[in-house]
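A.B. asks: So the chains spell out like this:
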Amino acid sequence: MPDTLRGDQLSSTFAALADPTRRAILSRLTTGEASVTELAEPFDMSLPAVTKHLKVLQRAGLVIQGREAQWRPCRLQAKPMREAAEWMEPYRRHWEQRFDRLEDYLRETTTKGTRRPGKGK
Amino acid sequence: MSSHARSIKHGSFVIERLFNYEPLALFNAWTDPKAKARWFNGPSDKWTEEVREMDVRVGGRDRLVGKFMDGSESRFEALYFDVVPERRLVYTYDMYWQGKKISVSLASIEFVAQGKDSNRGTKLIVTE
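From first to last, the protein sequence lines stand for chains A and B.
881 is the number of the first residue of the first sequence in my numbering; add one for each residue after it.
40 is the number of the first residue of the second sequence in my numbering; add one for each residue after it.
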């Protein structure tokens, strides 16, 4: 990997997101902070396995763990996720606009094949 | 990865939309040059088409060159790998800005028939 890419936040964010368990953990944390035990509850895996996933999320800066003794709650860190979403936004918008124009074109030119009035989703 | 590259980023995304038209109408809009020119272009108030060439078949190429109002040039060059009428298009494309290559992408366009009888439509799935 070139040096310029080492420590690249966007790469860490997407790598951390590339796992269903980690995405489920993040999704749970959107509803509020939780202890490691609470986070592990819905998963059919050992506590150490869940802790491992949490470590990846922490290293990527997506989750921070509080220092309060005993229960040490995990919390979401919004900034890296926001940066990832911002990075993807122009691509999504670009295609959404294209689809809008495609829809307009179809409406203007097709009479047969039109099934319902109004726009698709 | 080459260590000479200024930066390399890989990304992937999927965008879907349900259209109230049959797969044939969607497929034609993607493959008939006159039809595609109506919607696959730059913003009409800022962009003028200069070259549009299409050859939709496996191994065929598309080329779309346009100019923005500030004089900058965009170029899209595609190469088709899979063409299945009313079902699927797979192509790679390069984007150039002012003659400089800015991205290389693999795109697949799927036309999935939805519903039946009077409720037929197409789910368009773009994966890049």
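Keep in mind the hints are simulated off the structure, nothing from the lab.
Heads up, a few of these hints could be off.
[To be verified] The calculated lysine to aspartate or glutamate pairs, modelled on DMTMM-like cross-linking and capped at a C-alpha distance of 20 Å, are:
id, chain 1, residue 1, chain 2, residue 2
1, B, Lys162, B, Asp121
2, B, Lys75, A, Glu976
3, B, Lys73, A, Asp899
4, B, Lys75, A, Glu983
5, A, Lys935, A, Asp980
6, B, Lys106, A, Asp899
7, B, Lys162, A, Glu983
8, B, Lys75, A, Asp980
A.B. asks: Hint by hint, note whether the structure agrees.
C.D. replies: A quick look at each hint next to the structure:
1. B:Lys162 to B:Asp121: holds (19 Å)
2. B:Lys75 to A:Glu976: holds (16 Å)
3. B:Lys73 to A:Asp899: violated (43 Å)
4. B:Lys75 to A:Glu983: Status holds; Cα separation ~12 Å.
5. A:Lys935 to A:Asp980: With a Cα-Cα distance of about 42 Å, the restraint between A:Lys935 and A:Asp980 is violated, given a limit of 20 Å.
6. B:Lys106 to A:Asp899: violated (42 Å)
7. B:Lys162 to A:Glu983: holds (12 Å)
8. B:Lys75 to A:Asp980: holds (13 Å)
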